[in-house]
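Q: Residue numbers (the numbering used here), protein chains in the order written: chain V, 1 to 476; chain A, 1 to 476.
A portion of the hints provided could be inaccurate.
Chain copies aren't distinguished; within one or between two, either way the pair holds.
Unchecked claim - Straight-line distance between alpha carbons at most 27 Å, and here's what the computed DSS-like set of lysine-lysine pairs gives:
| hint | residue 1 | residue 2 |
| --- | --- | --- |
| 1 | Lys221 | Lys248 |
| 2 | Lys37 | Lys376 |
| 3 | Lys414 | Lys37 |
| 4 | Lys196 | Lys248 |
| 5 | Lys108 | Lys414 |
| 6 | Lys414 | Lys196 |
| 7 | Lys442 | Lys108 |
| 8 | Lys129 | Lys279 |
| 9 | Lys196 | Lys442 |
What the hints contain is simulated information worked out from the structure, not anything from laboratory work.
Below are the chains, spelled out letter by letter.
2 protein chains.
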Amino acid sequence: MEIEQSTVLYEVVASDISSMISAGTLAAGERVPSVRKLSRQRRVSVSTVVQAYRLLEDRGFIEARPQSGYYVRSRQRPMREPAVSAPPRAPQLVGVHALVSRVLESAKEPGMVPLGTALPHADLVPTSKLRRILTDVARRMPDTLSTYALPPGREDLRRQIALRARDFGVRIDADEIVVTNGCVEAVNLCLRAVAKPGDVIALESPTYFGLLQIIESLGMKALEIPTHPRSGVSLDALELAIDRQKVKACLLMPTVSNPLGSTMSEAAKGRLVRMLAEKGVPLIEDAVYSALHFGDVQPRAAKAYDRTGNVLWCSSFTKTLAPGLRIGWVAPGRYYEQVQMLKFISSVGVSDLPQAAIASFLETGGYDRLLRGLRKSYQNQVQLVTHAISRHFPSGTRVTRPTGGYVLWVEMPKRIDALALYERALAERVSLAPGAMFSASKRYRHCLRVNCGIPWSAHTDAVLRRVGELAAQCGS
Amino acid sequence: MEIEQSTVLYEVVASDISSMISAGTLAAGERVPSVRKLSRQRRVSVSTVVQAYRLLEDRGFIEARPQSGYYVRSRQRPMREPAVSAPPRAPQLVGVHALVSRVLESAKEPGMVPLGTALPHADLVPTSKLRRILTDVARRMPDTLSTYALPPGREDLRRQIALRARDFGVRIDADEIVVTNGCVEAVNLCLRAVAKPGDVIALESPTYFGLLQIIESLGMKALEIPTHPRSGVSLDALELAIDRQKVKACLLMPTVSNPLGSTMSEAAKGRLVRMLAEKGVPLIEDAVYSALHFGDVQPRAAKAYDRTGNVLWCSSFTKTLAPGLRIGWVAPGRYYEQVQMLKFISSVGVSDLPQAAIASFLETGGYDRLLRGLRKSYQNQVQLVTHAISRHFPSGTRVTRPTGGYVLWVEMPKRIDALALYERALAERVSLAPGAMFSASKRYRHCLRVNCGIPWSAHTDAVLRRVGELAAQCGS
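Please model the entire structure based on the sequences and the hints provided.
A: In structure tokens, the structure reads:
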């Protein structure tokens, strides 16, 4: 598998040991297996184990005691999680464009360390296999070039998406799906299908700034709902909000939200879908990170509980398979006609060749193995960044324990101004995502979203240490 | 060249002779060169000339006289053009979705003859060259797959677009261009950048239904401006309209409009751009057919006269190079920041690989030769369809003389209901585009747009004859 080929052996050994430490299988102060013993156990060379232990030492997991060997470092207490959010109860006109725009532009500058933007790393994309498939598709299906691309998109791709939907407990046919230019276009189409300018849309808080920007650009209003960092949106708060005012639609990420990484329980998803169907409020489900859930069992989507066509299920392959190809989809339930027509009106069809290539990869390319590798890599990277933040950030900092994906939400002590920190880090060529980007009510001024998508290195650790130092200086 | 390879020799000979007949070089009743003479002149075999003459006979250009040879048929008078349009003076809320939707869905059914939809024919796309380029690009530039695609799009493509803009008299740099998912997305972004729901947008009348749909979907209003079938929108009428009411933007096709095929004179384009700049009304220029202008000299775009950044110039490669790849662009002048941000918000970037492939084709693929071949093919096909309509449609039918592209606008006698004709043709598996699709005020009920993109055959002639018969039956 591509990912494992590119990961060197001692990294794998180090990752296993750090997992045992994190899980408590190896306790603080305990001696780790001797180099010779681990070399025999794992059937790797002595030098591989030495390299692995040096790496773990660099990362602060173990420490060498002279003449005695390596021991698990006594760690700080596990970091506390942020509390449930408490956004304002009134809908807000959104005004995040200017800040988001500035942050994204700065992140594009060459030589910038992208700690803010949530980009999957190029090393984790199965480039050579995709390339072979594209070449093959262009040869076998010349119509992908010459035929005018029209909605709802290629049938071979829609059939594969319908098949894979079963993994999320979703039973749909190919003809219920519209292929889109990524998940962002899907969400745009859904919002335009169910709501008009001035309408109120309920969201998690904090939420992905891209969703806030869509709402802003469509002249709608955002109603932020209290959200737990691990179990997701508060259903009681959501129900109360809907009863108290006209909410036109909900736009939620029930499985692996961004930036919190929360996932609602199965029971909560069922209750959510039933409640919204009863109240006649459509649910736009943004599922773009859900295939990157870390658990052994893939959680069911909210769409799996949909009996009335009230859930519009949006996702894409940009976070898992091919960031450059921008292929997403939506299963819009009873809004199918409106969504398909809006797709035609706003950009006609989706480029045919990338669709055919992704369909072919899903059929024969080992997508499941790819996902298993990605989840493992990202879980490991999230753990390493968490560990670095625990060592380097000001005391009192809290951090999420994401259920999947590759971002962390970091809540620093209230006195620390994340926007000032953003500016200072930028001057040192580190791009951060300040918390205010993730709220329509300009909350989270002491928070950051941190990207763990970059493969870990001593450099990343050094950068996080420096950001931690700058953070301490930004306290008032 | 791909196109010429796929066109057989006798087709080329026939096309040259029919051009001479249309141009009057060979007059009605005149004897055409003998088979032997033409064979010597053109250095082709006798049997090629015989085939060419038989084709011209089938097409009604010449007739055989026993023992004497072939003579130019005495033709009907050249068909009259439609008059300048006279739409209502008040802005209209648009309501074309339902009709357009029905027509497009019916056109997709298998076995349907697509006389309504304006689709370039697959035979005219340089598929094998594009395929080679795509394969090469995927091999040389693996980052096209693994890098997250972000606005404004690939620099290599934007540089090529800026270079080619010179052909239209437009002097812009690569960094003034945003790559889009086709021209339709470009127009959507521009309208959203310059206007809000409720605002009035001035358009040609009749105009492309896709533009009306965009306006409808954004809750804006359409103001149809009187338009001449060959010289385009009436500047006097446009100026009067702007003086009389608040017009937020103009959305026009100054070179090769759809469906009329009109092109404004250079002087008129200059006056249009100056007038709109003075009045502070931005011009969105839809230039999607302008590279298919039939003239020897490529007309300058309205954008060429833009000194203030007031013209947002939109176009694409879907009508010329690769319908399936959906690569378009916009040079939004002083609205660059808004358009780029809206592009990010509505669908992030454009798939990287098709961008790289088109950039590579533009560099080395012989795009100019491709365009020359397309113009010649389409001009020939437009001529043949016009000729067939002149023979088969009810007397009193008028037809445009398009300056480029591959559609005709057919104005039948007022008594003929084009919607009824559409339904009757549909029952015989022929898909038409009734005139009402092209107006916000439901005008043009006796008109049709006819697609000439299909390579001509005896079957097309038979289909047009049948449509003509049905039209006669639809008169009240």
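Q: How would you label the pair Lys108, Lys414 (within, between, both, or neither) given a Cα cut-off of 27 Å?
A: neither (29 Å within a copy, 59 Å between copies)
Q: How would you classify Lys129 and Lys279 at a CA-CA limit of 27 Å: within, between, both, or neither?
A: neither (47 Å within a copy, 55 Å between copies)
Q: I want to check one pair: Lys196 and Lys442. Are their C-alpha atoms no more than 27 Å apart within a copy, between two copies, both, or neither?
A: both (24 Å within a copy, 25 Å between copies)
Q: Under a CA distance limit of 27 Å, which applies to Lys196 and Lys248: within one copy, between copies, both, or neither?
A: both (9 Å within a copy, 21 Å between copies)
Q: When no copy is specified for Lys414 and Lys196, does a C-alpha distance of 27 Å or less occur within a copy, between copies, both, or neither?
A: neither (37 Å within a copy, 39 Å between copies)
Q: Can you give me the call for Lys414 and Lys37, within, between, both or neither, at a CA distance of at most 27 Å?
A: neither (47 Å within a copy, 95 Å between copies)
Q: Regarding Lys221 and Lys248, is the shortest C-alpha distance of 27 Å or less found within a copy, between copies, in both, or in neither?
A: Cα proximity of Lys221 and Lys248: in one copy and across copies (10 Å, 24 Å).
Q: Is it within, between, both or neither when you check Lys37 against Lys376 at 27 Å Cα-Cα?
A: For Lys37 and Lys376, the Cα distance is within 27 Å only inside one copy (25 Å; across copies 79 Å).
Q: Can you tell me if Lys442 and Lys108 fall within 27 Å by alpha carbon in one copy, between copies, both or neither?
A: Answer is within: at 24 Å inside a copy they meet the 27 Å cutoff, but 48 Å across does not.
In summary, the numbered hints that this structure violates are 3, 5, 6 and 8.
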